[in-house]
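> Could you build all of it, start to finish, from the sequences and the hints given here?
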Amino acid sequence: MRAFARLYEELDRTTSTNAKVAAMAAYFRSAPPGDAAWALFFLTQRKIKRLLPTRVLWELTLEMTGVPAWLLEHCYAAVGDGAELVALLVDRPAGGPAAADLPLERWMEERVLPLKDMDLAAQAEAMRRCWSELDTLQILVLNKIITGEFRVGASATLAIRALAQVAGVPPQVMAHRVMGDWRPSADLFRGLLAPEPERRLDSHPYPFFLASPLEEDPASLGERGEWMAEWKWDGIRAQLVRRGGATYVWSRGEELVTERFPEIVAGATHLPEGTVLDGELLAFRGEALPFAMLQKRIGRQKLTPSILAAAPVAFMAYDLLEEGGEDLRGRPLSERRARLEALLARAAAPALRPSPVVSGAGWADLARVREEARARNVEGLMLKRLSSPYRTGRRRGDWWKWKIAPYTIDAVLVYAHPGHGRRATLFTDYTFAVWDQGELVPVAKAYSGLSDAEIAELDAWVRRHTRERFGPTRAVEPVQVFELAFEAVASSSRHRAGVAVRFPRILRWRKDKPAAEADTLESVKALLTVRA
Amino acid sequence: MPDLVVSTPEGLFCPAGGFHVDPWGPSARAIVTHVHADHARPGSAAYLCTEASAPFLRRRLGEGPVVQGAAYGERIRLGDAVVSLHPAGHVLGSAQIRIEAAGRVWVVSGDYKRAPDPTCTPFEPVRADVFVTEATFALPIYRWPEPDVVAAEVMAWWERNRQAGAASLLFCYAMGKAQRLLAELGRLTDRPVLVHGAVAEMSELYRRQGVWLPATTRVAELPARRSYAGELVLAPLSAGGTPWVRRFGERETALASGWMRVRGTRRRKGYDRGFVLSDHADWPALVRTIEETGAERVLATHGYAEELARFLREGGREAGAITTHFEGEADA
Chain A
1 MRAFARLYEE LDRTTSTNAK VAAMAAYFRS APPGDAAWAL FFLTQRKIKR
51 LLPTRVLWEL TLEMTGVPAW LLEHCYAAVG DGAELVALLV DRPAGGPAAA
101 DLPLERWMEE RVLPLKDMDL AAQAEAMRRC WSELDTLQIL VLNKIITGEF
151 RVGASATLAI RALAQVAGVP PQVMAHRVMG DWRPSADLFR GLLAPEPERR
201 LDSHPYPFFL ASPLEEDPAS LGERGEWMAE WKWDGIRAQL VRRGGATYVW
251 SRGEELVTER FPEIVAGATH LPEGTVLDGE LLAFRGEALP FAMLQKRIGR
301 QKLTPSILAA APVAFMAYDL LEEGGEDLRG RPLSERRARL EALLARAAAP
351 ALRPSPVVSG AGWADLARVR EEARARNVEG LMLKRLSSPY RTGRRRGDWW
401 KWKIAPYTID AVLVYAHPGH GRRATLFTDY TFAVWDQGEL VPVAKAYSGL
451 SDAEIAELDA WVRRHTRERF GPTRAVEPVQ VFELAFEAVA SSSRHRAGVA
501 VRFPRILRWR KDKPAAEADT LESVKALLTV RA
Chain B
1001 MPDLVVSTPE GLFCPAGGFH VDPWGPSARA IVTHVHADHA RPGSAAYLCT
1051 EASAPFLRRR LGEGPVVQGA AYGERIRLGD AVVSLHPAGH VLGSAQIRIE
1101 AAGRVWVVSG DYKRAPDPTC TPFEPVRADV FVTEATFALP IYRWPEPDVV
1151 AAEVMAWWER NRQAGAASLL FCYAMGKAQR LLAELGRLTD RPVLVHGAVA
1201 EMSELYRRQG VWLPATTRVA ELPARRSYAG ELVLAPLSAG GTPWVRRFGE
1251 RETALASGWM RVRGTRRRKG YDRGFVLSDH ADWPALVRTI EETGAERVLA
1301 THGYAEELAR FLREGGREAG AITTHFEGEA DA
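Just so you know, the protein sequences line up as chains A and B, in that order. Position 139 of the first sequence, counted from 1, bears residue number 139 in my numbering, the numbering being contiguous throughout. Position 222 of the second sequence, counted from 1, bears residue number 1222 in my numbering, the numbering being contiguous throughout.
Simulated from the structure, these hints should not be mistaken for lab results. Some hints here could point you the wrong way.
[Said to hold, decoys possible] Listed next, with one range per pair, are the computed distances between beta-carbon atoms:
1. A:Ala167 <-> B:Arg1160: 26 to 34 Å
2. A:Gly253 <-> B:Leu1188: 42 to 50 Å
3. A:Leu256 <-> B:Arg1160: 38 to 46 Å
This one's a predicted model, so the numbers in the text were calculated from it and none came from an experiment. Ideal placement from N, C-alpha and C gives every residue a C-beta, glycine not left out.
Structure representation (C-alpha cells):
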C-alpha cells in the first residue's frame, strides 16, 4: 500500500508526462503482479462500487475527533477534497507506531472489499482500524478508493503507455488488451504482459478515436472532396459490441451502460455476430432531442415504461470497427462507411441509424449548413478524412470537430466559492447574475476560463469586497462583469431565473464594463433554444 | 471596564499605555512582537521590542526611529500600563506582550508556536484575563509533525536529488525558518549548506547572539559557472522564479511551510515538494495554549480568527475575532 500511495503522490506532484509514465512503469516493474493489477485497475480509471459514501466517513470523523460539523465544513473549504479532509483530521502527523505495510492486493481483498457486507457499526470499526494503521497519504488514497472517488493525475492512456513499455508492445496493442470488464488479479496482470494474450474477451470494445477541435479555417484541410462531413451530435459517445450472441454498450468513459438502453439492445439483436459500431447515443424522436432529454434517462435508477416513452433513444452509428469478427480499423473510412450503411440497411432496426452524411459542395457551402446546427440540436459539424484509418486516442489530423460559436452574455459576479484540489483556499468558483427588473438574478456558475494570474487577482478582490459570508461562500459587491460563453439555454424550474445554461465558462473579464451594463434576464431568455 | 487593547485603523492599540502593537500605520510608540515584515513596519516614531529582536529591527528600519530593547520579563511602565515581553517561541526575539492596567492583565500573543526550535527561546505561558491570540492555522486539519521527522524528510529529499545529480532548492522565510532548518539539519549532517544572501545576513545576526548554526556558504561567494549538482540551497520565497535560480541548473524545489500540510496548496504553489514545518501554533497547540493562559475572554486575529472564536464560544468561553488588514494567507 505504501508503494502505491507513493506512486499516487508522484503522479500528483509532477506535470511532466514523461515523469508520470516513468513512475508508473517503475511501479509496474517492481510491484507484485497482484498489486500491479489493482494499480492498473485504478490508473485506467476503473472503479469499484462505492463502499461507503463520503458522508459516512465525515460522520465517523466528527465522532472520532470531536470537531463540530460547521468547523468540518470550514476545513473542507481549505482542503477542497473530501477524502483528504478526513485524512488530515484522523491521521497522526506526529507519528506513532508504524503498522506493517500490507500489499495493495491484500488491502483490497481483505480490508476494502469486505466492507460491502458489513453493517454500519462494523464498517465504522473497520475504518477506524484502517486509519490507525496508515500514514496521512495512505489514508487519503484509501478514502478515495472506498468512496469510489479515486482519480489520479494521469490519464488511462498514460498508464497504458507505461504498461506497454513494460510489456514491450505498442501502446495500441496494450490499449486493446486492457479494455473491457475485468477483475484485478496476479494472473490477469501476467496475462497482460504475456506476448500474446490468451483470449480476447467478447465484451472488449476498441479504444476510441477522438476528434480535435478545428480552430482554423476548414480550407486549411485541403480539398473538400477528401473529407466527409457529419453532424456533431450532442449525446453520449459509445461503442456497440455484438459478439458471442450478446450485446455490450460502452460509453467513452469505458463504462458498460448496456442496461440503460434496452431499445438499443433490442435493435442490436438484428446485427450479425462479430459487429462493433462506433457512434452516439441520442435522445431521438424523428429528430435529435436536446441533451437534457438524454440526461433524464441516465439519471434514473429504474427505467419505467413512461420514461422510455418520454425519452426514446437511438444509436447514431458513424463507424464500423468490426464486421464478421474482422478488425476493420486499418481500412479507409470510405470503405468502413460504405460497409456500415449496407450493414445497417440489412439489419433494418429503427433504433440503429447511420449518422447522415452532410452534403455541401465546397467549404463555403458547408459553413452555411453548419449554421443550422443549433436548430437541429447539434453542436456543429464533424470533418473526417475519407482515406483515414480508425486511430486510437486523440490524434490530430484526420478527425476534426468544427463547432458553432457559443452564445455569450455579460454577467455580474455575485458569489464566490473556494475551489477544489489545486485551487482549494482560492476563490475560483463563481456565480454570475444578470439584471431582472433592477435585481440581479443568478443564471450561471462557472469556474474555468481565467488565467492563474486573473484568479489570484480576483481572489484578492473577493476577500476585500465581501458583503456577506455563507459558510465558505462569499457574497461580493456586484461590480465585476464577465463575458460568459455557453452552448444552450433551457428553461428550468429548479433555477430562480427560470433558465439553465449549458457548459457555461468564462471568456474574459470585462473590466471595461460597469455592472449596470450587464445583460438582462430577458435577453438570456431570448436565446432559449430548447423546445422541450 | 474598558478594553486594554482595541482595534484601530493603525492596528491594535492600548489606550491606557498609549502604544500600538505591531502597527501597520504610523504610531507614536510601537511595540513589535517580532521582526517579520507584516509585524515590524516602518513609519512609527519609537519602537519597543526584545533585546534579541532589536538588531534585526534596526536593520529593517535603518537610521531614524528609536529602537528600545527590553529583556524578557522586564517590567516597563508606559502611561497607566505596565508592559512586559515574554517568549513566544516563533522566531529569535519573538515576544508576547503582557499589559497590566487597572488590575487587569491582557496578553497579546503575536505569532507563536509550541514545537521545539533550537534557535529561539521556547514559548512561555502567561496567565491572562484576556488573551489576544493569533489564529493563522486555526483549523483542526493543521497539526504538525515533529520537526526532527521533517528534518529527516528534508535530508532524504536532498540525498535523493544528490544521487540524481540535481541541486535541492529549499525555499523558506529568510528570518527564522531558515535558521531553524539549518540548526535541525546541522544535527543530521556535516555537509555544508549553501544560502542566498538574505538568509546569510539573517543567519549572521543569529550567530552574533550566540545561536549555534552549522557552517553555511553564500551562493554569491562561489565562483561563477560552478556546478550545483548535489547541493542544498536555502533561499527566501522572493528568490523563486527569478533569474537567480537559473544558475543551479538541474534542480528540485521545495517549500517549508505549515501550508504544505494541504495537498491542494502544495500543488498550487508549484514547488516539487512541500515540507510541513511551521513557526506557528497548530490547532492542538492553539487550543492548549488558550487553556493554559486561563483567559476568561479570547480575541483571535490573523487567519482563521472567526473559526477559532466560534469554536471557543461553543466551548463556553467568551471569544471574538479582530479583523486585520491581512486576510488570506501569509507564507508561514
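> Against each hint, give a clear statement of whether it holds in the structure.
How the hints compare with the structure:
1. A:Ala167 <-> B:Arg1160: 26 to 34 Å: 28 Å, holds
2. A:Gly253 <-> B:Leu1188: 42 to 50 Å: With Cβ atoms ~48 Å apart, the hint holds.
3. A:Leu256 <-> B:Arg1160: 38 to 46 Å: 42 Å, holds
Checked against the numbered hints above, the structure violates none of them.
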